[in-house]
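Residue numbers (the working numbering), protein chains in the order written: chain A, 253 to 696; chain B, 253 to 696.
Keep in mind that the hints were calculated from the coordinates and are not lab data.
Treat the hints loosely; a few may be bogus.
Copies of the same chain are indistinguishable here, so a pair counts whether it falls within one copy or spans any two.
[Claimed, not checked] Each computed SDA-like pair below joins lysine to any residue, with the alpha-carbon atoms no more than 20 Å apart:
1. 437 - 388
2. 256 - 494
3. 663 - 652
4. 425 - 290
5. 257 - 632
6. 437 - 319
7. 541 - 551
Here the structure is a predicted model, which is why all the values come from computation and not from measurement.
There are 2 protein chains.
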Amino acid sequence: MTDKKLILGMGLIDGYGGLHGAWRAPHVDPGTYADVDATVRHARAAERGKFAFLFTPDFPAVRADVEHSTISNLMDPLIQLAAVARETTNIGFVATGSTTFQEPFNTARQFKALDVMSHGRAGWNAVTTSDPAVAANYGRPVADRDERYQRAHEAIQIVQALWGSWQQDAWIKDQQANRFIDPSKLRPVNLQGEYLASRGPLGIPPSEQGQPVVFTAGGPSPHLLSIAGRYASGFIAEVWTIEQACAQRELVRNAARDAGRDPDEIKYIPGIMTTVAPTVREGLDRRLKYAGEVIEARLPHLGAILGIQIHPDRYDEPLTPEQLVSAHASPRDPRSSNALAVARQGWSPRDILAHGVIDFHPTVVGPGELHADHLQEWFEAGAADGFWVTPDIYEDGVDAFVDEVVPILQKRGLYPTEYPGTTLRANLGVPHQYGPDPRLTGAE
Amino acid sequence: MTDKKLILGMGLIDGYGGLHGAWRAPHVDPGTYADVDATVRHARAAERGKFAFLFTPDFPAVRADVEHSTISNLMDPLIQLAAVARETTNIGFVATGSTTFQEPFNTARQFKALDVMSHGRAGWNAVTTSDPAVAANYGRPVADRDERYQRAHEAIQIVQALWGSWQQDAWIKDQQANRFIDPSKLRPVNLQGEYLASRGPLGIPPSEQGQPVVFTAGGPSPHLLSIAGRYASGFIAEVWTIEQACAQRELVRNAARDAGRDPDEIKYIPGIMTTVAPTVREGLDRRLKYAGEVIEARLPHLGAILGIQIHPDRYDEPLTPEQLVSAHASPRDPRSSNALAVARQGWSPRDILAHGVIDFHPTVVGPGELHADHLQEWFEAGAADGFWVTPDIYEDGVDAFVDEVVPILQKRGLYPTEYPGTTLRANLGVPHQYGPDPRLTGAE
Ligand SMILES: Cc1cc2nc3c(=O)[nH]c(=O)nc-3n(C[C@H](O)[C@H](O)[C@H](O)COP(=O)(O)O)c2cc1C
Ligand SMILES: Cc1cc2nc3c(=O)[nH]c(=O)nc-3n(C[C@H](O)[C@H](O)[C@H](O)COP(=O)(O)O)c2cc1C
Chain A
253 MTDKKLILGM GLIDGYGGLH GAWRAPHVDP GTYADVDATV RHARAAERGK FAFLFTPDFP
313 AVRADVEHST ISNLMDPLIQ LAAVARETTN IGFVATGSTT FQEPFNTARQ FKALDVMSHG
373 RAGWNAVTTS DPAVAANYGR PVADRDERYQ RAHEAIQIVQ ALWGSWQQDA WIKDQQANRF
433 IDPSKLRPVN LQGEYLASRG PLGIPPSEQG QPVVFTAGGP SPHLLSIAGR YASGFIAEVW
493 TIEQACAQRE LVRNAARDAG RDPDEIKYIP GIMTTVAPTV REGLDRRLKY AGEVIEARLP
553 HLGAILGIQI HPDRYDEPLT PEQLVSAHAS PRDPRSSNAL AVARQGWSPR DILAHGVIDF
613 HPTVVGPGEL HADHLQEWFE AGAADGFWVT PDIYEDGVDA FVDEVVPILQ KRGLYPTEYP
673 GTTLRANLGV PHQYGPDPRL TGAE
Chain B
253 MTDKKLILGM GLIDGYGGLH GAWRAPHVDP GTYADVDATV RHARAAERGK FAFLFTPDFP
313 AVRADVEHST ISNLMDPLIQ LAAVARETTN IGFVATGSTT FQEPFNTARQ FKALDVMSHG
373 RAGWNAVTTS DPAVAANYGR PVADRDERYQ RAHEAIQIVQ ALWGSWQQDA WIKDQQANRF
433 IDPSKLRPVN LQGEYLASRG PLGIPPSEQG QPVVFTAGGP SPHLLSIAGR YASGFIAEVW
493 TIEQACAQRE LVRNAARDAG RDPDEIKYIP GIMTTVAPTV REGLDRRLKY AGEVIEARLP
553 HLGAILGIQI HPDRYDEPLT PEQLVSAHAS PRDPRSSNAL AVARQGWSPR DILAHGVIDF
613 HPTVVGPGEL HADHLQEWFE AGAADGFWVT PDIYEDGVDA FVDEVVPILQ KRGLYPTEYP
673 GTTLRANLGV PHQYGPDPRL TGAE
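If we strip away everything but chain A, and leave its shape as in the complex, we get (with noise of 0.2 Å):
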């Protein structure tokens, strides 16, 4: 190994937590969602504990299910976020943002105004939106790949030039010689693409880190690569198994390869869940405590990932050794190796399940060791370069993880002592970068 560091970022979802049923917590007060201190509060934990951003998706639609669970989103991001902004000084933020259902003027101004009003650590994850339920509040149906996808190449590339519109040196503001700005250096981007355009230029100043850096996120559809590999320089995934990590995180790479880029531009963030515990037992209990009915209702389920029949009279005992034996992670599954690894611990059906093994993202419960034994093996493996975290319940989660696992991680070098520097680029160690990416201008 290098020296170097693993990347953190936080999902900031809903206000809540990860975990199905955090808004019940006792100690979480059940009108979060619309709290803006707490949001603050969330940050500056995970602040604390040096995380390199926050990550806000984004599904603005209200799902079937809310009567037992939480909208699962902010309730704006970039509104949200610029009260973080004010409230914190080194954290950066990835917001999610649309290339479909958002004008690319406006994504350019929000956000370079949140770049520069948080002196340089924002971040777009450009999104096409492939869900009919949001694009139905826009009154629109879902375009099909290839059309969100020229559209998102048009989005970004509009955006990154109105970014660079008003160029590094254009603001004078000499007051003894009465020259504001110098009206040659704010220069039209004048783009007109098959679906978008935009005449420019965009009246914001470079922030000390030039513009906002631009993520990505999915899964490694050829359509998605191109997105990455041109424009990314941070690509939020959901993976569940090493394998299928360093498998997703070449395609990434090589896509930035292709692109002409040196693929270490690229950081390959996938997703972990976390409760943290001082025992397995106990982290096992706190997530039965709040989420007991939706592993209940899972629990069906979970002979089939393992290939085998499991009744319900024996949810709350371990595997037979037959059943040890006979079970076998399905490999159109990947979610079905952890189960069978954690199945093998000797643990209950309904622990199996309470180990989040068939959660969105892989997830680990317990000790601050166990986490930080996950967050190493998967980076020395070269499976990814950080992770973004989604805490069990943020109102006591975001600490547990600071003051449990980010220590070890340093400890152990993993992991930075203080921050890189002020801006969201430091953080990730990207390059700067001011307008659209010369190299690619070339290629077009």
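Fit chain B with the ligands to the known structure of chain A by using the hints.
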């Protein structure tokens, strides 16, 4: 007079002030445009003066003359106001947003998030955006007025319906009973217009004032009046004389009557620009110091406004008795009667212009009493329910207004000594509203 009080808003243009050249004043940091600390400082100064709201006009396009003047716009209204919201407690926000170039779902979401975050202090100045330079930033031409205003009706109806789609009693958040939301009380809006559509619901609960207050801004065209009359609680205007204001205010009130509303529910708010100084002479000198060149350039036009010839040799002498006799106000330029009144006080052409007589709004220059007299005269004549004030230089001009003008208005019983409440609706004295106005729905 009843005990009705006048309302004050402050126009937040760009961080410097209404005076051309404000950015060059030695006590002003020329980098203020990108400094949100300054936005917060100016907002707090206005809040000390019990201003009901900050108003952010928005024309996001870089004008041709930026070499010597400023960007004349905030970097981004909502991002900057989100920061201000956290650092103030009572002042409201009337942020301009385009019905043409912003997706209604995004408008609904961002303004309501700001409303919740500020505990009920957000307002939306809904404009159709008729500036071709702005439209070009979105890659489109300006549509004709019929189309723009049809779209505006649809946008405002969709936004207000989305605001009401999370019903006021929908959020149960009962941890014991495991019921977060009553899903039957988050209702889709399913609106389909000619240009715009949305399914909804919007996943944001009510604020302390229900939902943001709708404003509009412009001249009294039938198109705009039909927007104002149906939806607006505030009308931002630009008028130069009491007569013009009285007539325009009556048109606005009649539009509300026509829509079946009580005309007192819409507040008519013309603009005013201010230079507060111990004497008129000192005020004029302050204005000449920073805007001297602009005034110099306008001198050749003053004669035309007054219907007389003024020789360049006499720009610094009072008009002659003969000139004063033949000078007259042009019925086609409402600014000319102010110019004539100032000329008759014996000022030279340069000083007449230094009075701001051909600025964007009526301008008052001099001690606090003069300002208070102007506001009182208009208010008592029924020319305004309040004013949006643009101080000459924010850095000291807001404090000067708050210290020198506000106490006089308070002593005269014209202006509140304490905030009427903590919401924008309370500060304006307009009724609670949630969702569309039920009186209009029937009229559709
Ligand atoms: C980890 C992860 C995070 C994602 N975050 C978002 C998001 O915040 N908003 C969104 O609209 N889509 C998000 N997506 C969806 C992807 O951008 C992509 O649209 C999806 O994987 C469907 O693929 P397609 O676009 O190639 O059809 C996410 C996907 C993954 C795997
Ligand atoms: C006082 C005042 C403030 C205005 N503020 C804005 C603004 O912030 N943004 C904008 O696009 N238009 C603004 N307008 C323009 C009007 O909304 C309107 O579009 C304009 O008067 C042209 O009229 P029309 O829309 O009927 O063609 C403003 C107009 C006035 C008089």
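Hint-by-hint comparison with the structure:
no.: 1; hint: 437 - 388; in the structure: between (41 Å within a copy, 19 Å between copies)
no.: 2; hint: 256 - 494; in the structure: within (19 Å within a copy, 70 Å between copies)
no.: 3; hint: 663 - 652; in the structure: within (17 Å within a copy, 56 Å between copies)
no.: 4; hint: 425 - 290; in the structure: between (39 Å within a copy, 16 Å between copies)
no.: 5; hint: 257 - 632; in the structure: within (10 Å within a copy, 69 Å between copies)
no.: 6; hint: 437 - 319; in the structure: between (54 Å within a copy, 10 Å between copies)
no.: 7; hint: 541 - 551; in the structure: within (16 Å within a copy, 78 Å between copies)
Consistency with the previously given hints is maintained throughout, with no hint failing.
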